[in-house]
Amino acid sequence: MTQSLVQAIEGGAINTWVLSTYWLWPLLEIIHFIGLSLLLGSMLVVDLRLAGFLRQINIVSTHRLLPWATIGFVMNLASGFLFFFGDPGRYAINIGFQLKMILVLIAGLNVLVFALKINPVIGQWDPHGDTPALAKTVAWVSLAAWTGVLLLGRLIPYIGTG
Amino acid sequence: MPVFESLETSALAIWVGESLWGYPIMLGMHAIGLAIVVGIFVMLDLRMLRFIRGVSFNAFLSLFRLAWIGLVINALSGSALFTSQATTFVESAPFLIKISAVIVGVILGVLIQKRLKVRVADWDDSGTNIESSAKVLATLSLVCWIGAIFAGRLIAYL
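Those protein sequence lines, which keep their order, are chains A and B.
Just add 39 to wherever you are in the first sequence, counting from 1, and you've got my numbering.
Just add 39 to wherever you are in the second sequence, counting from 1, and you've got my numbering.
These are calculated hints, taken from the structure and not from any lab test.
Nothing here was measured: the structure is a model prediction, and the numbers come from that model.
Do not rely on the hints blindly, as some may be mistaken.
What the hints assert, rightly or not - Taking CB as the label site, the calculated pair distances span:
no., chain 1, residue 1, chain 2, residue 2, range
1, A, M140, B, A195, 18 to 26 Å
2, B, D164, A, M40, 39 to 47 Å
3, B, K153, A, H167, 20 to 28 Å
To be verified - Some but not every residue of chain B turned toward chain A, in silico, with C-beta under 10 Å:
no., residue
4, W54
5, G78
6, A114
7, G117
8, S118
9, G191
Claimed, not checked - A few chain A residues that don't get close to chain B, going by computed Cβ distances all over 10 Å:
no., residue
10, T60
11, G91
12, Q95
13, L121
14, A131
15, N133
16, L142
17, V143
18, A154
19, P171
20, T176
Glycine included, C-beta positions come from ideal geometry on N, C-alpha and C.
The shape of chain B in the complex, shown without the other chains:
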């Protein structure tokens, strides 16, 4: 499609693809964003699924802000990396799977954040069990982030 061809010849794409530091800078930022976003969501998911116990849910309300900053870092660096090989990426199955997993993961993150805001006092009360609908959200969230890493790594191979 012409839109991807023109992206690939844009000034940003040329800088990312051909300058000495463009690609490594964007790749480095993408790794930092990944660690923040996936790291925080995986910890929260494991906490909701009770693989981690005792750590206050209340704290995760503040951590969400950091997770969303990580997401913005990765949306920006990811877009820059995308432009440099736009026509290749749009036809790559692992890339499309990765983007789908990230989008679903983000939607689940928003749902989990909303649920946590409402339920935080109950969940932090050790007597209460987390409802199974919330556990389903946490499980799907884990699957999405692990899936995004899986597919993301395979972009270079398939």
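Isolated chain A (complex conformation):
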């Protein structure tokens, strides 16, 4: 499956564009790094509050940070997509990249738990108080998953290149 995906991408329009535009790769890296700062910076504050710290923050007001997490994620999804299309053979077989994608998936499922189980009842909690066990679990899973994503992403050139 991996092989046919790589073959379908290589030589295609996006693949050719990424490879033939010399300034694009460094620009994508810059976008990816700014995106990660937005995503991880906002998630750090939201998760610390969900974990029961930073109680000066009204827990409902952490919603105001989520658009910046989304902006960061979309920046990284778009730039990451182009990285993959630029060099599919290298990423597809890379264990670091594969684990990173699994962790992104786990982080995504974790967001789903937040949206379905926490978000609907968050308004009933003490806005400056401690948080329930489920909220703490979601917060620590999120922090662990995004830290793993960051580390694995940075180390793609060094680990599991097959």
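Start from chain A and add chain B according to the hints.
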């Protein structure tokens, strides 16, 4: 300069440059520190510039401690990475720009922290506007951290 040549042949530089895990460990730590420092400062800057509203400034006083821990992680990992290619880095324009942006960013961070300590009660009162001198600090801080990322990424290319 001889000092950079001797740095490059130090035991630390050899470990970072030639051992299997030295470079990836330092690079990984540098990425984590970056996310903490730039992440927290960008959120605070966006809050001061009112792109984010409603989140208590009071909480950022505690977050500063975490931001400075991130900075220490990056000063240490960055120094280790620097030794491994000291003679190349000191002649790299993007590297020098990055270091300048980080130093100015840190000075601005200290100024913002001092201002926040004094003004936090007023800024958290929704009726008060943040003074424009503070907004200038926040804007310059954003420019420095984004600039540091920009120049940092270009070290490998120019």
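Going back to the hint list, which numbers does this structure go against?
2, 4, 6, 7, 8, 12
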